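*Asks:* Going down the list, the sequences are from chains R and F.
The opening residue of the first sequence carries number 44 in the numbering used here; numbering runs sequentially from there.
The opening residue of the second sequence carries number 333 in the numbering used here; numbering runs sequentially from there.
Because the hints were derived from the structure by calculation, they are not lab data.
If you're wondering where the values come from, they're calculated on a predicted model, not measured in any experiment.
Think of the CB as a built atom: it goes at the ideal place given N, C-alpha and C, for glycine as much as any other residue.
Do not rely on the hints blindly, as some may be mistaken.
Between beta-carbon pairs, the in silico distance windows are [stated by the list, open to error]:
| hint | chain 1 | residue 1 | chain 2 | residue 2 | range |
| --- | --- | --- | --- | --- | --- |
| 1 | F | T1119 | R | L261 | 52 to 62 Å |
| 2 | F | P1096 | R | G318 | 23 to 33 Å |
| 3 | F | Y1474 | R | E324 | 46 to 56 Å |
Take a look, some chain R residues computed to stay more than 10 Å from chain F by CB distance [to be verified]:
| hint | residue |
| --- | --- |
| 4 | K74 |
| 5 | E77 |
| 6 | A79 |
| 7 | E131 |
| 8 | A186 |
| 9 | S216 |
| 10 | L261 |
| 11 | M333 |
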Amino acid sequence: MDLTTTYMGLKLKNPLVPSASPLGRDISTVKRMEEAGASAVVLESLFEEQIIHEKFEMDHFLAQGTESFAEATSYFPESDMYNFGPDEYLAHIQQCQKAVGIPIIASLNGVSTGGWIDYARKIQEAGADALELNLYYLATDPAKDPRKIEDNYIEVLKAVKNAVTIPVALKLSPFFTSLSHMATRFDEIGVDALVLFNRFYQPDIDLENLEVVPNLVLSTSESMRVPLRWIAILYGKLKASLAATTGIHTAEDVLKMIMAGADITQLCATLLQNGIGRITEIQEGMIKWMEDNEYESVKQMKGSMSHKSVAEPAAFERANYMRVLKSYQ
Amino acid sequence: MNRRMNTIDGNEAAAYVAHKINEVIAIYPITPSSNMGEWADQFSAEGRKNIWGTIPSVTEMQSEGGAAGAIHGALQTGALSTTFTASQGLLLMIPNMFKIAGELTPTVFHVSARSVATHALSIFGDHSDVMAVRSTGFGLYASNSIQEVMDNALIAQAASLKSRIPFVHFFDGFRSSHEVQKIEELTDEDMRAMIDDDMIFEHRKRALSPDKPVLRGTAQNPDVFFQARETVNPFYDACPGIVQEMMDKFAKITGRHYHLFDYIGAPDAENIIILMSSGAETVHETVDYLNEQGEKVGMVKVRLYRPFSIEHFIKTLPESVKSIAVLDRTKEPGSAGEPLYMDVINALAETQAAGDLPMKSYPKVIGGRYGLSSKEFTPAMVKAVYDELSKDKSKNHFTVGINDDVTNTSLEYDPSFSTEKSDVVRAMFYGLGADGTVGANKNSIKIIGTETDNFAQGYFVYDSKKSGSMTISHLRFGPRDIHSTYLVSEANFIGCHQFVFLEKYDVLAAAVEGATFLLNSPYPLEETWDKIPKKVQQQIIDKKLKMYVIDAYTVAKETGMGARINTIMQTCFFAISGILPRDEAIAKIKGTIEKTYGVKGEEIVKKNYEAVDGTLANLHELKIPATADSKVKLPPTVPEEAPDFVKNVTAMIIAGKGDDLPVSAFANDGTFPTATTQWEKRNISLEIPVWDENICIQCNKCVLVCPHAVIRPKVYDKKLLENAPKTFKHSKARGKEYDENMVYTLQVAPEDCTGCALCVEVCPVKNKQETRLKAINMASQPPLRDTEKENWNFFLNIPDLDRRGVSVHTVKGSQMLRPLFEFSGACAGCGETPYVKLVSQLFGDRTIIANATGCSSIYGGNLPTTPWAKDENGRGPTWSNSLFEDNAEFGMGFRLTIDKHGEYARELLGKLKTDVGKDLTEALINADQSDEAGIYDQRDRVEELKKILDKSDKAEAKQLLSLADLLVKKSVWIMGGDGWAYDIGYGGLDHVFASGTNVNILVLDTEVYSNTGGQMSKATPRGAVAKFAYSGKPLKRKDLGRLAMSYGNVYVAQIAFGSSDAQTVRAIIEAEAYDGPSIIIAYSHCIAHGINMQYGLDQQKLAVDSGYWPLYRYNPDLIAEGKSPFTLDSKAPKIPFRNYAYNETRYKMLTKSHPEHAKKLIELAQEDVNEKWDYYSGLVKTDKSTEN
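Just chain R, with the same shape it has in the complex:
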């Protein structure tokens, strides 16, 4: 069975790629992912904000209480060297490259234009095969012009594209007034892939303690409907590759996404829940289904159920909802 696919220029042996998650932190896990059949790995994001925060934090706590009391003019030994990321992250990329043969896709979340550019360059130098930009902005300020927010996304993408030569993917949230329009704008600048969609920590309220508890609820297959729709809609309209993420748990989920038009599917929750071996199970499930249904390759089915290929494209649009109601009646 030919499971190969091409994702932003990378030739991959199948469309199964573990997404950015803590699973990518450990070299041995990355190796196990490769052994289980992953065709590439997206590493956990490098957060510029966290690095800056850690620097300030360390400076604060190393200085706290110093030169205040005659007997204890300091509380910690001085170190002549600190590795505040990204060094550790970059070293990890290098180690991953050495340890596995599959492509390593780094992930980056910046806060300043300088940070995006600098870290993107360093990631490329460290040997990443591609870079996924983990770009989001929660627009809480009512005075902020939405167009400017969108422009800022464009600026970041432009800056990073100018800074590196490796393929650059953009991991987006679904919260755009016009995702199609934004996707086209990103495409025009030359984004190499769109990853749909980012899944954020969402706040919850702890009734017992009356506290806001930010947590990540792992996805279920149900949550793949949103990316499924948008991949189906965008397929064939962009030069950029499409990656589906969120809610992909089973071989069937993968097949659906590919039929909608995804070049790859990114796996996370199912691996956290079921272990790395899940990749093998999904791959075997795909092959079995494809054999049972006499498919020859992933290429053959890619986009076959996309907006432009289905008999009723409106099914992916708002009318879809209307029709459901009608059928109920």
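We have chain R already, so just place chain F on it with the hints.
*Replies:* Frame of chain R, contents of chain F only:
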């Protein structure tokens, strides 16, 4: 040779050389020498090699005694070996020093000389420690300045290797150990040239080796010991010559020529002073000044004090000498004179007897004491000594620098006499510890020292509080070598970095006319003048000061600097002092910022750059008005209602005028009254907690966690509210035990709070309308200060609940008891003091405390004010600190007395039964004192007994009267930190366990030596960074509880009030009730963990939740009841260890400095936790199975 100029302190200078010329270093931290060991450890950690190309090994031992033993062993096996110590530490080395010298073993111990504790502990400098080792056979070699510390560290080593006499190389604690000076740094080549490798080979040849076996350290009998002891004489005879030879050799290399005794002054001087160490520099400066004024005086700097070369000494003295004053920086009560004085007398007498005295007649020699415990020693005092020498009848055995109105030993001096030169910039900076003033000044000295031809000197004075502490920096910059080893007294620049200091201290006292005054003001420029107290305004006008103002906190806030205004104030200093051209100065400051913070990241550098740039735009000159018209008056230091002692003595110390107190002000045995912190209103917090009586559930958790006892509850009859101030709050008292008329108030002491906010963190109640609010919330202090002060005073007059009616076993009940430990100088948010305070609440009225040296002895017993307090009957904890190493034994001694006297009292009662009456006698002897009621009843009986005894003339009655109070139960508490319990005092602690004595031991476990600045102890956990564990502690911490339990007769509890306050209360009560040794190991979050202290309780909880700190109690009493003695009070681990650990800098910094190593250690630390949990949970299972 082109040598580097460097601005460093004495400790670094000594450590720099010692590290270069040794192979094995064993140390133990003690102020003020700790930094030497830390430097050495850091040099090795950074991979710095000694001059022979290998990195010296640096090992922290469990005590100075241990360090000396290790050094002795290292020397005996041929290593070049050294240590650094001071004071009690040096005393603990004495036995080994006799051995090392007796075996003619070359080594140099570097000692920052410090007072030995007598009537009181003092961390400051004098020679009482060094003088205590005179008889060991070690050479004693003094350094007077930072340059000399570096030079002599080398000369001493070279001389020791050649002479085989070991040396103590000493310099004055703080004055030299901590003074920063610009000096010329010795190079490796200099050191190689001084140390002849052949001498090292000889040393190694003498080493113990099984390849050429010998026996050293025999036991000898009367027949031979004496003769064998005399074999060393030729070495001591040759030693002074060898030292001079090395001094001469050094002079050829560096151009600096020292002598065993250096004479300074007029060649034909008649009056001379002889002394050693830093004070000699002040005398030197004064001699130069007086001779410039036409006088002919001189002085001798003693460098090699032991072996004392009479020959060299006599040759140093000019023939013209008629009068000699010998100054000793030590006191030997009962001696014929202090040591140097006696040596001088002896030298002159012997020479005279031999007919070799060069002077025409035998000179007059007087001896005097000066500078004990770093007491200021100024040119004015030196002048007074010369004046005394000029008198026909000079006072002998005098003191100078104090007012001795008891035995009239002191010389009078004119404090206005000054030798300060006009071309020397003299600057003083008043700052808070937390604002970074000292660090900024150290940087300024480095800039000026490195970037200009000026000589530079900095000395820093810290107060003794660990929260809100003030620092005063004394800086001098000038064209000549600076000999002024005393504080700046005539400043031409004064920086006041905290506006509030203007109300508390005489900041401008030292300002000379026309000086520059820089003030950090939180007010706009145009309002600042009116906010300055009138007296200070008048000083500014009278002294014609030039004044500049900056709102540094606003600049700091805008540039993300938080509370650290160091960079901003430093920029101001350079901008207006004119020491360097402004632009050049700014560039240099930025250069220093890059050097200092570069390693911590470019963002930190950038933030500081922004602060520099933001400063200049906000720095303004304030035009001084012609008149002082401020409405702000200086408040009294202590309130009028304070006791006389507090008003007359304590207040002087608080105001920084302790130097002016005469000898008669003090008790002659070190005794001080307790309960004095209440009179020192420090107002150090900008925010205080405010109680919301409407939603409070009266759980008293906030009261328990408050480290400074500033939150107090009371339940009382509402009738008492009649005269309450308007804003005084109350609510109906909750609880079945209180009737309808009872009300509850939670009151905050507004002027004593340190603003840590632990109370807010622990409050379990949330406001239903606005959940960010709790039943207690922080609010700005200044607007509340006056009303809450009134409320607090009203609150204090409400009677406490009767202890007999309080359920002390609960958190809520225990907190209704008045704390008898209040307003200490501990860090804001301290994790130790809530335990200490709880003990004082539960048993304070009958408690006697032995306190090991450390944080708890400093916040518990450092002047000016102390926190141990009294109840309404005048009872309260009585407290003493013996030493660091002996605390368990010290406390056991208390118990032995109490038991013996109690026994004797009962025996006497038996004898006096008919006088006292049968019923009372039996009631007294058989009293059940297991609860408050029982103790109260017994106290009543004792009062009755005393009345009866008072009327009796019988000898037994008098005896019993003096011991009657011992019939009431006493609670002995032995408190200290982990440095004491796990390391230096463990031997004693272990013995107390084994003794079965009824004492209660509270280990305030911060897992590190907190008081001396974060050195590793055996309580330090694996993976945590500490000093001497630069790359993380590699091994797991000692399980003290497990060791104690192994005895079977020891009550053991491990507690953490942030995880379970109820278990904490229960354990402390059980421990006290247990009739035998009890030990409580108390998790104490600490500033040395590198955490936000506000979240200390969260860390305690996580420590328990991760299984790292299981809560348990082991009560041997339960065995007799057929129950398991072991109770595990915490649940199985819920979170991985890393989730707890990586909230703390001590663990996290390793992930940044040694990431791979950190990974390994955190995994091993998790295994430690797993093993610990398996063990303790196994104890529960085992015990249950035994029961079955």
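*Asks:* Decide, hint by hint, whether the structure agrees.
*Replies:* Quick rundown of the hints versus the structure:
{"no.": "1", "hint": "T1119/F - L261/R: 52 to 62 Å", "in the structure": "53 Å, holds"}
{"no.": "2", "hint": "P1096/F - G318/R: 23 to 33 Å", "in the structure": "40 Å, violated"}
{"no.": "3", "hint": "Y1474/F - E324/R: 46 to 56 Å", "in the structure": "34 Å, violated"}
{"no.": "4", "hint": "K74", "in the structure": "17 Å, holds"}
{"no.": "5", "hint": "E77", "in the structure": "22 Å, holds"}
{"no.": "6", "hint": "A79", "in the structure": "24 Å, holds"}
{"no.": "7", "hint": "E131", "in the structure": "6 Å, violated"}
{"no.": "8", "hint": "A186", "in the structure": "22 Å, holds"}
{"no.": "9", "hint": "S216", "in the structure": "27 Å, holds"}
{"no.": "10", "hint": "L261", "in the structure": "19 Å, holds"}
{"no.": "11", "hint": "M333", "in the structure": "41 Å, holds"}
Violated hints, listed in ascending order, are 2, 3, 7; each of the other numbered hints is respected by the structure.
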